[in-house]
Structures are given as structure tokens and as C-alpha cells.
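Going down the list, the sequences are from chains A and B. Start counting at 1 in the first sequence, then tack on 3, and there's your number in my numbering. Start counting at 1 in the second sequence, then tack on 916, and there's your number in my numbering.
Calculated from the structure, these hints are not laboratory results. Predicted, not measured: the structure shown is a model, and the values here were computed from it. Each residue gets a CB set at the ideal place from its N, CA and C atoms; glycine is no exception. Be aware that a few hints might be false.
Now the stretches of chain A that chain B is said to cover, found in silico as 3 or more residues with beta-carbon under 8 Å [as the list claims (entries may be wrong)]: (1) 133–141; (2) 153–166.
Distance condition first, Cα-Cα at most 25 Å in a straight line; then the derived DSS-like pairs of lysine-lysine [what the hints assert, rightly or not]: (3) Lys1219/B <-> Lys139/A; (4) Lys1183/B <-> Lys1329/B; (5) Lys1219/B <-> Lys1183/B; (6) Lys977/B <-> Lys934/B; (7) Lys925/B <-> Lys977/B; (8) Lys119/A <-> Lys973/B.
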Amino acid sequence: MNPSLKLFLVLIISVEVSFTSKLTVNLLLVAAGLILLLWTRPSGLTLTHLLLIPAIPAGALALTVGAFTPAHDWFFAAVLASRVYVYVLLGSAVTRTTPPLTLARSLEQNCHLPAKFAYGTLAAINLLPRIIRAVKTIKAAGQMRGVTLSFWSPRLYFKAILSAISWADQLAQAMESHGFVEDQPRSQAQVIPLTGRDWALGASALLLVQLALVALP
Amino acid sequence: MTQAIDLQKLTFSYQAGKPVLAIDQLTIPRGRLILFSGPSGSGKSTLLRLLAGLLPKYGGKLAPGARLNLTAGECGLMFQDPGLQFALDTPRHELEFTLENDRVPAGEIPARVTTALKAAGIEALADRQLATLSGGEQQRAALAVLLALDRPLLLLDEPFASLDVANRHQLMARLVDQVAAGKTVIIADHDLAGYRQYRPLVVAFDQGSARLLEAAAADQRLAAADRPVTIPARPTAAFAPALTGEDLRLAHGDQELLVQPTLALPKERITLLTGESGSGKSTFLSALARLSPYQGQLIYAGKELSRFSRRRWGRTVGLVFQHASDQFLNVTVGEELALSQRQGRQPYFTPTKLAAALDQLGLAGLEERVVYSLSGGQQKKLQLLVMLMMGQPVLLLDEPFAGLDPASVAAVKELINACQACQPATIVLVSHQLAGLAGWVDCHLHLTQRYFTDQGRVDHES
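Isolated chain A (complex conformation) (with noise of 0.2 Å):
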């Protein structure tokens, strides 16, 4: 299915979850969402990661609405935790079966996104390792000159901010130096298709998603 469709979708079916309280659509979008990430062979660790660490405010959330208000609504606690998963698992298999730079060329093409945004957010995106590395690297510098930087630090944010801020002027050197030209049309090295399968894919979920929100209890 066409990306950016895809997203848009899991969009709308999420925003619609979070205006109902029907657990049996919940319960269905949850294992709609499990069968599409089984689909994409999950290794074990993946698979326990999205299932449990959603488990922590899916659970924080039932506990709250079910024990801890006068009226001890079960029925919208379980609501509220099944809802977590139909976010995390719609979510992820979205994410598990969309690379990156295919949604980024989908919304340029499909949606008309202007590139500077989809590629800006992209190479925002692959900055992440060089984050993590940065952040490692410069509790290193503070061991080295007698200063301890722990998660708390301002020093660590302010050199981790700074970073941030330099690396968002080069990126734009970057993508100038490589021939991008805001608001100048670019050629495309891979056509994302979006075709009327992808329609009719596409509405017919969302339509079935519909039926079942009215026809279920």
C-alpha cells in the first residue's frame, strides 16, 4: 500500500479510537495491528519490547480509571489500555514496513509535501546515531577535565543543544552543497505509485473500521 496512504489511515483510525469507547473495535484493531507486525517477522526482542514496555501506561492508565476514581469504571479502563496498543501496534506496523526515505519520497510525490520538509525531517532522522554518539562522547570530555555529567546536567544540554543547533546550519550546507535548491523541482529516482488499489485498499479499512464502530457494541 501507498505510504503516505498508510499514514494517513493509521491517522485517522487513531483519531477516531480516541473519540469511542468500544472495546470490541479496540480489541480487534489491536490483533488487526499484531497479525500486520507478525507479517513483518519481528525478531523476539522486538516483539516483547512493543508488547511489553506499552504495557507500563496501558497499565498505569487502567489502574488509575478502574481502582482509583469514585465511579471504578472498568470497562473504560480496559478502553484506555486497549487503546494504547491500537496507537503502538498500528503504529509500528507502519513504521516496520515503510522505510524512512520511501515515506519521505512518498509524501514529496503523493502529497506534494515540499521537499524541504520531507528531506529536512529525514536527515533529522539520520542524525539520531550521531546524537547518541555526541552524548556519549561529551559525558567522555567531562570525565577527561574532572567533570561529572550525569542525565541532569545543564552542561550536557547546553553542549548537546549547541550541537543541535550547529548540526541544523550544516544540514542546510549539506543539502545546498549536494545541489538542493528550495522550491525547485527535483527528478525522482524512485516513482512511489499511488494507485487505485491503494485507494480502494485504503478506503475499504477505513470504511470496515466505520461498520464496525457503529454495528459492534
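Fit chain B to the known structure of chain A by using the hints.
Coordinates of chain B only, in the frame set by chain A:
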């Protein structure tokens, strides 16, 4: 051939009243290989960025009245630090992005990507994450993009700083091909060694001024840089060891870098590490600083490194990073110096000696400056100074002379000697630049085929 590049009354400054570049008139012929030569901080990089149109757009001010018969679209620029020039994740994606920007038709993109990868010799790295590539490999990837850009004017800022001689010749051959195809290639390099055979024109930079040298003067400069360098060294076994390694293994991702059954780094001596770019020298230093994982044992003072607390290890080992800006923790030069004065244990640096050292390194009077606004060479010298002041018993230097001119290299070496005389440290240094190191280093280990070989000879004369 189109007319020569002509610069008139070009005055550029980052700070009002302190021009870093003041060129009255300069003509650069096209279709040639041109070298920008001069000490660090003399304005070479600034002029390249001006030609490429990145300046004054991204900072600084060009004085009115400047004339330049060149458009930014004619130039392709390769940055001094190639890691900062990539927006995407892999060399292939970066090349595709670049060609898309240039509106190359989709059908031609795959072939052009392959050609560029082949020219830079990085076909095998096409789909590797750029963040995991070594400095030298990143430079090749940046060169691949530059070749793919296909501009009439190619600008390269210290393109060979992390490459060894063999790789350098290979990449120079590609650039010479470009010149033969009618393009203009401008390389800024403080080190002119190895360029003479390509018969380049030389533009000499000095404190912001620039002039095209006459053939004889240029040749003299190139020849001087080419005098062979041999590094006489003694075997590491001749000295007591400070750090020893056993069954040491280092890897970079899935690529094994070092398999070393035994290793000894001599105590309170200077040991030089050399080897091909990407061979793992920097990774080795970073393992010693406990910033990279290793297998096997590294022993200091009878204990495995992992048994030292981070804090204790930070006080024992100082690593001078390859990128100077990584070292700084404060905003101004003065604050950086004050921190090292407060925490440092090197007794050599009394206030008078410190002032003298600042003067010698050309850093005097810069106390109020923001460290990140210093030139690359000034940052490097400040970084070395603040780390020398810390006085750790083990000091690791990763390319300490990169981007420094001979006078600065001499000043740094002199300062290290003075510190060694006062409170000796075990110094391990990685450097591609070998000029001036002969007679200064005690031992020399060369990393080849995942193994450090001792280059030292027993000296019978002494």
C-alpha cells in the same frame, strides 16, 4: 575554454573589523589543478565556501564592492569534515538525493550512481550506514557525490586529511581525470606533500591575502613538501610497558579491525600509530579511553580497564578527539582554560608558563572568543592545550596535527616536550601527517592486516 575565475576586492569577515580574507585581486585559470596552500586559519576554507555560495549566506559579511565572475551553481564543494555533508543514511541514497536535486532523469540515475561509486572505490560500501563508516571511507563517499554532481568547478577542502598515501593517489588520479576532461579542480591543503607530480598551480594564502605563485616558486614549495620522511624508532620492548593488551580484538560493526595476541605501549614515551585509513587506529584509541567495546584484555597498572571506575579512568586517560569541538565543555576560550587550570594536574602550567604557551600557539588575546567561532587550527591548538593541562598519566592523541601548519606543529611539539620534561606521560598518537615526527616519537607501530607491527629498530650507535 571559458574565461578565468576573477576575484576583485574581496573582503570577508565573521566579526566586524576582523577580516579573515582580504584579496585585492586574484585570477584563477580554469581547466587546471589548483592548490590553495597556506597555514591553518589563513582563509583557504573561507574562500572555498565563498566560491561555493555558502558564504556569506550562512554567516559572515562580505564587504561591498566585491566582484566575482562565478555563480554558485558552477561549483561542487567537498567539506573538510565529510561526516557533516550527508543528509541521508547511505552513500547510495545520498547519491540519489543529489542527482534528484540536479533533475537527472530517473532512468539515468542508477547508472550515474554506479559510476560515481566505482570512481570513488566504494561499491562495497554503497548500502552501509554512513554513520558507521570510518573518516576515510566517508571522505570517499563525499568524493563520490562530488563526482556525481558533475560541476565544471570542483572544490575540495582538505580532502585527504584521513587518507593514507595509497588511497590518496587513487583518489588524486580520479581528480586528475576530471582536469583532463576540462574541469577545474581546486584543493585546499596545508600539506603539499605528494602533489608535485600532478603539476598544480599554487595559490599561496597568508593571513587572509592570496596570490598565484610563479611556476618556480610553486615548484620550490611543492618540492620542499616532498622530501621523504622516515621515522627512526626503537622497539617497544626496549621500554617498560604502561599498558598491555592480550588477545585483543576490535570490531566495527561486523568488520573485524584488530586481532592482536600481545601488545605493549611503553611507559612515559611517545608511541606513534600509523596504518591505512579505516584500519582501526581511532577505534583502538577509543577502546583505550573505554568509549568503544573490545574483546580480550587491556591492562593498566595490573588491572583490567573495565575494573576502573569511569571517573577514575577519566583522570588516568585523556583522549584528544579527532574533532576539536567535541572536547570543549564551555563557551569561551577563557572558561575552557579556567576549567583546566582548576582541574588540571600538570605542574608545568604555572600562570606565566600558560601565558607563554598561549602566545606560542597564537591563542593569546582570544580569551573572550566563543570556542566554536575559532578557526579549525585554533580550535585544535586550544584543545591540545587544555588536555595537556589536565596532566593525565596516559594521553591519547587522535590526529593532533590535522589542519595545522608547520609552525603550529612545531609549537605543539615543543609544548608537549616541555610537559614531558616536567611530568612525563605515556603518549599514544595517531597521525597521518609524518612530517616533523622523526626523532620526536620513541616507538612506531604500524597497523596492517588487523595487526600492529613494531617498526622499531635496535639502534647500535647510541
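Structure-based check of all given hints:
1. Residues of the segment 133–141 of chain A lying with their CB closer than 8 Å to a CB of chain B number 6, which satisfies the three-residue condition for coverage.
2. Against chain B, the segment 153–166 of chain A contributes 3 residues with a C-beta closer than 8 Å to a partner C-beta. That satisfies the three-residue criterion, and the hint holds.
3. The straight-line distance between the Cα atoms of Lys1219/B and Lys139/A is roughly 24 Å, inside the 25 Å bound, and the hint therefore holds.
4. About 18 Å separates the Cα atoms of Lys1183/B and Lys1329/B, which keeps this hinted pair within 25 Å; it holds.
5. A C-alpha spacing of about 15 Å is found between Lys1219/B and Lys1183/B, which places the hinted pair at or below 25 Å, so the restraint holds.
6. At roughly 11 Å between alpha-carbon atoms, Lys977/B and Lys934/B fall within 25 Å of each other, so this suggested pair holds.
7. For the suggested pair Lys925/B and Lys977/B, the alpha carbons sit about 13 Å apart, so the restraint of at most 25 Å is met.
8. A distance of roughly 17 Å separates the Cα atoms of Lys119/A and Lys973/B; the hinted pair therefore holds under the 25 Å criterion.
The structure meets every hint from the earlier list without exception.
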